[in-house]
Amino acid sequence: MSESTNVARKKLGEYLLEAGIITDRQLKEALRRQRQTKEPLGHILARQGMVSEADICRVLHQQLGLPIVELESIAIDEQVIALVREDLAKKYTAIPIELENRSTIRVALADPLNAQALEDIKFQSGYFVRPVLAPPSEIVEAIAKYYHIDASVVEILENIIKNDPIQEIREIVPSEGEENLDELMKVSSGPPIVRLANWVITRAVEMRASDIHVEPQDKWVGVRCRVDGLLQDLERLPKWTQGALVSRIKILATLDIAEKRLPQDGSFRVEIDNRRIDLRVSTLPTAHGEKIVIRIVDQERSALHLDSLGLSEQALNRIRAYGQRPQGIVAVTGPTGSGKSTLLYSLLQHIHSVTKNILTVEDPIEYQISGINQVQVDEKSKKTFAAILRAMLRQDPDVMMIGEVRDLETAQIAFRASITGHLVLSTVHTNDAASAVTRLVDLGLQPYMVASSLISVISMRLVRLLCPKCKDQYAPVGDELRILGLTSREAQGVGLFRPVGCENCNQTGYRGRTGIFEILELDDPLRRLIAAGGAESMIRAAAVESGMTPIGEDGLMKVMAGETSLEELRRVVFYEEEAARLCPSCRQTAAAEYHFCPHCGHTITAACLKCDRRVDATWEFCPGCGTHRVPSVIAGTDESLIPAPEPARAAPARVPVPPRPPGSPRTPSPQRTDVRRDLPASGESCPSKIRAARNSTL
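Sequential numbering from 1 applies to the sequence shown in full-length UniProt numbering.
Rather than coming from a laboratory, the hints here were simulated on the basis of the structure.
Fair warning: this is a prediction, and the values are worked out from it, not measured in the lab.
Hints should not be assumed to be uniformly reliable.
Restricting the straight-line Cα-Cα distance to at most 27 Å, the calculated cross-link-like pairs of lysine-lysine (DSSO-like) are [stated by the list, open to error]:
| no. | residue 1 | residue 2 |
| --- | --- | --- |
| 1 | LYS145 | LYS219 |
| 2 | LYS28 | LYS145 |
| 3 | LYS291 | LYS219 |
| 4 | LYS28 | LYS91 |
Construct the entire structure; sequences and hints are all you get.
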């Protein structure tokens, strides 16, 4: 027996009568009206107030075991709708929902006991029918939406444009190779769903968004945009727009619109306001339908210049100098979306000249730069990073850029290329500069190879810039003082800025982003330490001693300059130990481990130098061990409470560590004797007053 006839032959009125929902008199009156109007019995009973739609669905569910569906929570595919003609759907108050398999279609009916309706839908669609229940009013509403989706979308567009009159839907043109989409891409005369998709894209571009998220939910479809690193709501659309909107985007990206169970990737190009914009599309099947993310690459708006990234003058000069090196490796590290690719492209722009052959291998190519040879990775055709790199070495390169060093084979080829006279630029996914070094060793590279080839590791993050039109100045308090290493008395005169929100920044308080950086440049002591297999913490301490500015300190400089807020810095930089402190005397930043300011000698510690107990900067004695302290004055002066210093103790001389031969076991690195890891171990560069104060209290 087919699915279409596998239901009881009782009539709807009989079930309602047995359940006590209606009386025999009411049933006879409704049947009389049905003979006159030819309407479904359920419609007549509901309109006369004899029963509710919920009563009908509940009784049929209990008697027949048919599931009840909520049509507002279902996105019906256009191809499924096309299986049943509109006149047939209206006649039987029925709407197809989905294909269960190759032979069966699920149909929501107001009266699933109507055998003629089941047979007619089966004959017209060519599928067996599995009936489900839905309130008749919901079915009628769904028929109006899905069979006249253009008119429904027009209504949505009118509401959107009315609520946002500054929006303008511009013409979107197909990218190269999209030969049969010209008519679909015409905004002025195209279908309303095309205009809706175009509005989403153009609005996101106007918001300076980097990504568009189309997210199906239970009863609606959310559209969000990532602006300055954070997602913002753009629009909430009815659930029934899901299928058409997703299909439209997949058509633009030349994806298979029939494939809904597997992820897909594609791309297309649009032209908005005479600007060429590339869009990369990724689909992901979820519980509520296909989620789509569109990455927006606005080549003209993206300024690929080193001096526009937020680098200090010293850091800018360093990075420019790296580009002039004849060989070696420069690695950029940071999490996804931290600006690594932008920094590398900007460095390539700086290096680019007619005298140099520059090749890149990327996955994917984010920016196309004239005069540079860029190669796209394609795993399906065996164009892997390693395979392309081997071919590139036969192309007489001067500079090679590798999108990411993600495995040992790629790392080995890259480092061998740097040894044989090529400048190599790449990215590594780690959290800071020091961990990038150990990451390369963990991949399988020999420490001596990393030490000899690596020029520098640049760690970076992106922080949002405060809106210049609405930012507000205030005095730091509480936890903010703790991060800065200041007491409330010392913070007098220190002004920070916080976000407010205005039309210029879309009420967020921020507009645009800038970088904060940590540059680990290898010198001879660092190379010896890395070659000897030094731990990450030792590499970081040695780098700070050699002059590396930790990323937190660089961020605090931008906070003090009023470029960003302390709240934003804390969102981006994780403070395991507070990234840096602000000296209350000279207003310079100093590492959290420093007890004295290296710039002026002022006491900045918030802990006892002897027992490491947390104390107030104004206390004269440590309550834990009774040690005299320097309460916010320069150590060693007449105001100091520290007694006269003992004779200075000579620190042990450093013994150079020879490179470890290949294959030999790793030996433990010599431990540093100074308890403050970021002060020079020998004390030679410390002011005498700081040295005397330190020796007398330890």
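message: Name the hints, by number, that the structure is in violation of.
response: The structure breaks only hint 2.
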